[in-house]
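S.K.: Those protein sequences? They're chains A, B and C, same order as listed.
When you number the first sequence by the working numbering, it's gap-free, plus one each residue, and the end is 343.
When you number the second sequence by the working numbering, it's gap-free, plus one each residue, and the end is 509.
When you number the third sequence by the working numbering, it's gap-free, plus one each residue, and the end is 333.
Some clues are possibly wrong.
Claimed, not checked - Chain C is nowhere near these chain B residues, computed Cβ spacing over 10 Å in every case: (1) F116; (2) R118; (3) T122; (4) T133; (5) G320; (6) G335; (7) Q450; (8) Y475; (9) I494.
To be verified - Rough simulated footprint, nothing fancy, chain C against chain B, three-plus residues with beta-carbon under 8 Å: (10) 71-85; (11) 105-111.
Simulated from the structure, these hints should not be mistaken for lab results.
As the structure is a computational prediction, the values presented were derived from the model and not from experiment.
The C-beta atom is built at its ideal place from N, Cα and C for all residues, glycine as well.
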Amino acid sequence: MTDLTGRKATAEPGQRGDGPSAMTVQRIGALLAKQGILIAFAIFMIGFTLANERFISPDNVMGVIRSSAILGVMALGVTFVVISGNLDLSVGSMMSFSTIVVLDLHDKIGPALAIPAMFALTLALGALIGFLVGYLRLNSLIVTLGMLSAIHGLTLTYSGGQNMDIADKDGTWFSVFGQGTALGLPVPILLFAGLAALLGILLAKTPFGRKVYAVGGNGTAATFSGIRRARTVFTCYLISALCVATAGLMQASRSLGSQNTVGQGLELEVLAAVILGGASLLGGSGTIFKTVIGVLILGFIQNGLLLVGLQFYVQYVVTWVIIILAVWLDIAAKRGRLLSPIA
Amino acid sequence: MTAPDQAVPALRLESIVKAFPGVRALDGVSFDVRPGEVHALMGENGAGKSTLMKVLGGIYQPNEGRIFLGEQPVRMTSPLEAKQNGVVFIHQELSLAAELSVAENVYLGALPRKSFGRVDWTTLYNRTDTILTRLKVGFNARTRVGTLSIANQQMVEIARALTHEAKAVIFDEPTASLTDAEKTVLFEVIADLKAHGVGIIYISHRMEEIFRITDRITVLRDGQYRGTLVTAETDEDAVTQAMIGRKLDLSRNEARSAPGEVALETRQLCCGALFRDVSFQIRRGEVVGFYGLVGAGRTEIAEALFGLREPSGGQILLAGQPVRIHSPADAIAHGISLVPEDRKGQGLVLGMNCRDNMTLPQVDDLTAGPFVSDGAEIAIFDQYRDRLDIRTPGWRQLVGNLSGGNQQKIVIGKWLSMHPDVLIVDEPTRGIDVGSKSEIHKLIRALADQGYAVMVISSEMPEVLHVSDRIIAMYHGELIREFTAAEVTEDNLIQAISGIRPGPPDAAA
Amino acid sequence: MAPGTLSTFLKSGAIWAFIVLELVFFSVAGEFLSISDKAFMDWDNMLLLLKQSAPIGIIAMGMTLVMVNGNIDLSVGATFALAAIVLLDSMSWGLFAGLGDLVIPVSILLALLTGIVLGTINGLLVWKTGVDAFIVTLGAMLGFRGLVFMYNGEQPTSHLNWTLVDLAEAQVLGLHTATWALLMVTAAMWFLMTRTIHGRTAYAIGDNREAAVNAGIRVGPHMMVNFMIIGFLAALSAVVFYAESGSVNPNDGMLYELWVITAVVLGGTKLTGGAGSIVGTLGGVLAIQILRRGLNHIGADTETVNLVIGVILIAVLFLDRQLNQRGKETLRI
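The whole structure should be built from the sequences, with the hints applied where relevant.
M.R.: The structure is reproduced here in structure tokens:
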């Protein structure tokens, strides 16, 4: 401050601008980092409502939540896996497996036995992944990539490559999970909401949830604190499988018939929803609430684009832009500057 | 000392200011390094040393101030530019690619080029071997870096500094992982650089080294320049005072009342090639220091006691009862706690808040129904924050944002709140500023007075001498000798950890 | 012997031993199970196998570079499809009507350019935003696929150019055009990764990015070039494949990234970057293709392939870990 002239030579315009602008960016960034996803969501909703007022109508909103429910239920489980510092790319093909199995068993042993049998088989797959990643400490990306392929093969082998259909579509109570209503709300929404509440509390309020964050945040430090890391990771994959089985049940119940590939590609949409919700792929951060917001954003984007007359695939492009913007702003807020400092 | 005074400095910084939102990390720092001078840069953690180095290395741009190389003002806008200007860093954390050859690492970023962007291997290997010869090392340019010892990897870093006409070389805590023999080689290399007229900035916490090899010492505190001392005309006390503004108490531990019953005992404990026939006892109310060179097996014993390694033989007894410990969870259940060596890697989940970190080992027990009890957690946090004087704005603060000393107190609080019978503390003050250091020393003493059995592993002799009731010297995986606080001297401790067996009493003195 | 040499040798040799094992197994099993009376090791069968390896193989060479560099590219399948659409569609553009068969090189160039542009987008995002490549390319995988659909809705895009088909089906010195393309890409990428400054820098960055930055390497542009290369190769793969088939569905290339990553990992490339080889990847590509054709040859359902490959991928990961850990004193963390 005393010798401005003397220092002028070295204080380049760009550098001087570095101070205040960096601070502004950081303030806006800090706000965005905390509430960014909600702000984006709000802007998005307002925009589409202005474009088409039907967008915000209760019927439409219910419709969106309902059609997001299957993806949403899967995303709940993947949230646990991602927070524990791992990935699960197998949920799509595992969901196909659950759907095909429960449809097949429905006619063979009846729905009352088919459902627990399907849950048991799906949980067994989840346990296998949990064993490989948790206890054997294999890389989760590759393990679940391999399982994606293997379970797909398993499903095709199981079904003989055929579509699976329930013989008597009108005479089964099985359709309740995908089509029924209770308490004046569609059952899929209730399942999604109920599971979200349950898992949300598990993650946020219980010792287990705390351990998931610790293991994902720093697995070594968690072990050094006496946390059984392998068991925690294993349980996360079991939870993921439980969610997948529920999603498979909802899918099967909704359509009462299915192709072998019904869940194909869902793993990436699920991951997109979780990331959009702000969970870091490095582990240790994310919440169930944010994941639900991520799921709803994806659902409303799809719906909003359809309502303004755009094809479903435009949502892919929009999702791409939104994911990158969301993660970018998050990182930018943390480092206090928009662009990466990498040379 | 008059000739260098008149010479143009190799590197000169003038009134450097670097501000981050809310904090002035560097507030008008000036200093210079003359050709052929070793200039120490000292200060507590957070004093601004690393920010200053990042400014020099082109990673940060200063808000104000100028950098001169010789008489030329320069701007460092990238690490590459710093390097091209002849400013070379030897980093604290090794900065090598393990899968590549020594030569590729030495010339990383400047590989000799042939047509079509090809690497000129002949030139590369020849040049590298020339440098390696100068360093008198036992490996060649084609060796894969991953196969080298830490010390040899450090030599690769140094070789990198010699690839071009360096005007200034900056050593950042270079001896942190070196043995004494390796240090000697390093100091020879520094002397060699010095003789070639290179200006050297030497950053270290270790006073002994500073007084052994440097010519001048510049001290920073709170981002401000606190003066430059001529090494030959000052002493450790003066430097410490400049760094922290007061004196540090590192006097020897006073003998105290007799310790209680045996809390921890090992009998012929072995673990593969790591350590053998380790037998010792730690009593309640006693601090036992484990001293030895890096790799002597001290940390590995702690890891075996904490269930992180499976012993290949021998026994562990707690309060006289033999126990088997297969995991940290087992160890904790048996009343053993470990404050690990690597605070950030092993001790803390940096992205978690202070409270959650502190209660992590007992989160299963702090419940109300199926849920974690907020109240119980906060009560524990408050209790240990007050007892250990942890300075944090509140329990919601992320641990990653605390200073090293406060982080270490969180780790210690975490384990004290478990009320262990045996507390193992591995390198309790590594990377911690001088002020917090003495607080932690006092704390360790106080814990023993309260009846804890404390095992302290440290590579800093003053620390071991200061806190321990007994000292066990280790060498190559074996317990070499045990000293009481009364009989130990620096000389016989050094001899013991260098593998020199105790001779007759007069020889030891 | 230097530490690690044994496991390195076993790892680099393992994939080729596995290939030999596959060949022997399918030859013997084929004698008993095959529906055709042709031997598995039949010359034509092998030539076809090589040809069919090309689309995945060409992309896998680029993926090796990107993964050694410490990144990943999940968008290659979508890039593949978009480049294919540009290739086929541009041949019928009125703009090029007067060119005759000269439209072929023009369209090929356009397709390759598409790949480079998409790669540049990914690379720029990774460089400038600092967002992890996994997320950037996961997003791009959706986004590029959306562009594919936007181009022609859910309709296939078709254009058969017989000159192009003839070129694609030509055999030079016994090998198909696609095989030549694979071999040339392999040779070029091998040269790039083992002999050039760019290639060695890719290893250095993947191994220790901090070190590379400190050494003054401009990591951002370097990574962008690698994404451009893999974009180019994904497009080249499309050119090789669709020159012959002449029709592209908007869903084509889906799950390609999984096949490609599987091949690269089987070939011994480290997931965390810094280690891997083009020759190993070639082995990985061949091993997968032999498995697919072999299972087909012995009459197994095509679906079994997925199961077997998934299991093999996990088994390789497990064995690799065991080999690397043997004899090392490791902490139980």
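S.K.: The structure should be examined with respect to each hint, and the outcome stated for every one.
M.R.: How the hints compare with the structure:
no., hint, in the structure
1, F116, "violated, 7 Å"
2, R118, "violated, 5 Å"
3, T122, "holds, 13 Å"
4, T133, "holds, 21 Å"
5, G320, "holds, 26 Å"
6, G335, "holds, 20 Å"
7, Q450, "holds, 30 Å"
8, Y475, "holds, 19 Å"
9, I494, "holds, 28 Å"
10, 71-85, "holds (count 7)"
11, 105-111, "holds (count 5)"
In summary, the numbered hints that this structure violates are 1, 2.
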